[in-house]
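Residue -13 is where the sequence shown starts when you use the working numbering, and the numbers rise one by one after that.
Just so you know, these hints were derived from the structure itself, not from any lab.
Virtual Cβ for every residue (Gly too), placed ideally from N, Cα, C.
Errors might be hidden in some of the hints.
Derived lysine-lysine pairs resembling DSS-like cross-links, with alpha carbons at most 25 Å apart [to be verified]: (1) Lys137 / Lys246; (2) Lys112 / Lys137; (3) Lys246 / Lys68.
Per label pair, the in silico range of CB-to-CB distance [to be verified]: (4) His265 / Leu87: 34 to 42 Å; (5) Trp294 / Gly195: 20 to 28 Å; (6) Glu51 / Arg212: 53 to 61 Å; (7) Gly27 / Phe102: 39 to 47 Å; (8) Ala22 / Gln194: 44 to 52 Å; (9) Phe102 / Glu302: 39 to 47 Å; (10) Arg212 / Thr94: 19 to 27 Å; (11) Ala250 / Phe127: 48 to 56 Å; (12) Leu116 / Asp211: 31 to 39 Å; (13) Phe117 / Gly153: 41 to 49 Å; (14) Leu123 / Val145: 36 to 44 Å; (15) Ser128 / Val151: 23 to 31 Å.
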Amino acid sequence: MNQNTISGIPRPAAEPLTWPLRFQRWHRRNRDAIVAWAFLGPMVIYFVVMTFVPLGFLIGISFTEWNIISPPVWVGLDNLKKVFSSFDNWFYPRVIGRTVLYAVAILTLNIVGGFFIALILNQNLKGKGLFRTMWYLPSVFSGAVVALLLKIYLAGSSVGVLNMVLGKFGIEPTDWVNDPFWMPIIAVLFVVWQGIGFTVIFFLAGLQGIDESLYDAARIDGADDRQLLRYITIPQMVPVLLFISVTGLIGSMQMWEVPKIITAGGPNSMTYTLVYSIHNDSFAALEMGMGTAQSLVLFVILLFFIGWQLNQYRKEHGV
């Protein structure tokens, strides 16, 4: 039987698919994907242009010696070797180690302090809205402006506000900015004070999202406040804690205002952090190769710690 007939009845030949008809069919099949990419496309392009292109440029420049004025000169791994070598009494390795110590101290105080402040503000207290605003307010201020004000407060002579207050109690004025013991502590407290508002807000949101029935059931079973905190509150806050740990680590590794505006990296290089070193080498010494090499090291350090945190979370929660 002829293929163009059905039971002896001639079947009309199929019309050839024209380009407009093919496009219409393709459009119907992929309508949802087209709409999705119409919204996502600009953001993807922006992300690629503003993230991967600069990252590629950074990696390329880190293998060169470049002072911005003359063309870059290829030096291979010399810059990275210098970062991890004994150059200038192990200057760069000590900067990296110091930055990690600052980050650990800032992150620990930020998480512990922010969590307990959030626990207090989550209670039915009078004026808790005012207290929440007070804790969040420092996060709104410019870090550079606050650092300038702090420099005035910490002035070494009797003109400094802090020394004036202490002088009322018969305490001799201290040169806080040039004190190698107190200045690192002040730097850590400054960063914690300015960033703890964000931590409190996120912890508060997490606390208010915990189902009250969990607490009610535990109280019926005889659990006290300490047990409620240990077995219900803290486990329920783990996702929030992970988010704060990641974002807090990124922020604490980039301490810049204090060494740049207040101490110029002193005293005795005690506040000479990695980001300050990157800025100093890149824009003061015009050694862009060294600056970008250190930026690459900072990127790898952050990537390592964030990956480790995510891996620990997956292991503990079976994700």
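Results of checking the hints against the structure:
{"no.": "1", "hint": "Lys137 / Lys246", "verdict": "holds (11 Å)"}
{"no.": "2", "hint": "Lys112 / Lys137", "verdict": "violated (35 Å)"}
{"no.": "3", "hint": "Lys246 / Lys68", "verdict": "holds (23 Å)"}
{"no.": "4", "hint": "His265 / Leu87: 34 to 42 Å", "verdict": "violated (20 Å)"}
{"no.": "5", "hint": "Trp294 / Gly195: 20 to 28 Å", "verdict": "holds (26 Å)"}
{"no.": "6", "hint": "Glu51 / Arg212: 53 to 61 Å", "verdict": "holds (59 Å)"}
{"no.": "7", "hint": "Gly27 / Phe102: 39 to 47 Å", "verdict": "holds (45 Å)"}
{"no.": "8", "hint": "Ala22 / Gln194: 44 to 52 Å", "verdict": "violated (33 Å)"}
{"no.": "9", "hint": "Phe102 / Glu302: 39 to 47 Å", "verdict": "violated (23 Å)"}
{"no.": "10", "hint": "Arg212 / Thr94: 19 to 27 Å", "verdict": "holds (21 Å)"}
{"no.": "11", "hint": "Ala250 / Phe127: 48 to 56 Å", "verdict": "violated (22 Å)"}
{"no.": "12", "hint": "Leu116 / Asp211: 31 to 39 Å", "verdict": "violated (25 Å)"}
{"no.": "13", "hint": "Phe117 / Gly153: 41 to 49 Å", "verdict": "violated (31 Å)"}
{"no.": "14", "hint": "Leu123 / Val145: 36 to 44 Å", "verdict": "violated (27 Å)"}
{"no.": "15", "hint": "Ser128 / Val151: 23 to 31 Å", "verdict": "holds (25 Å)"}
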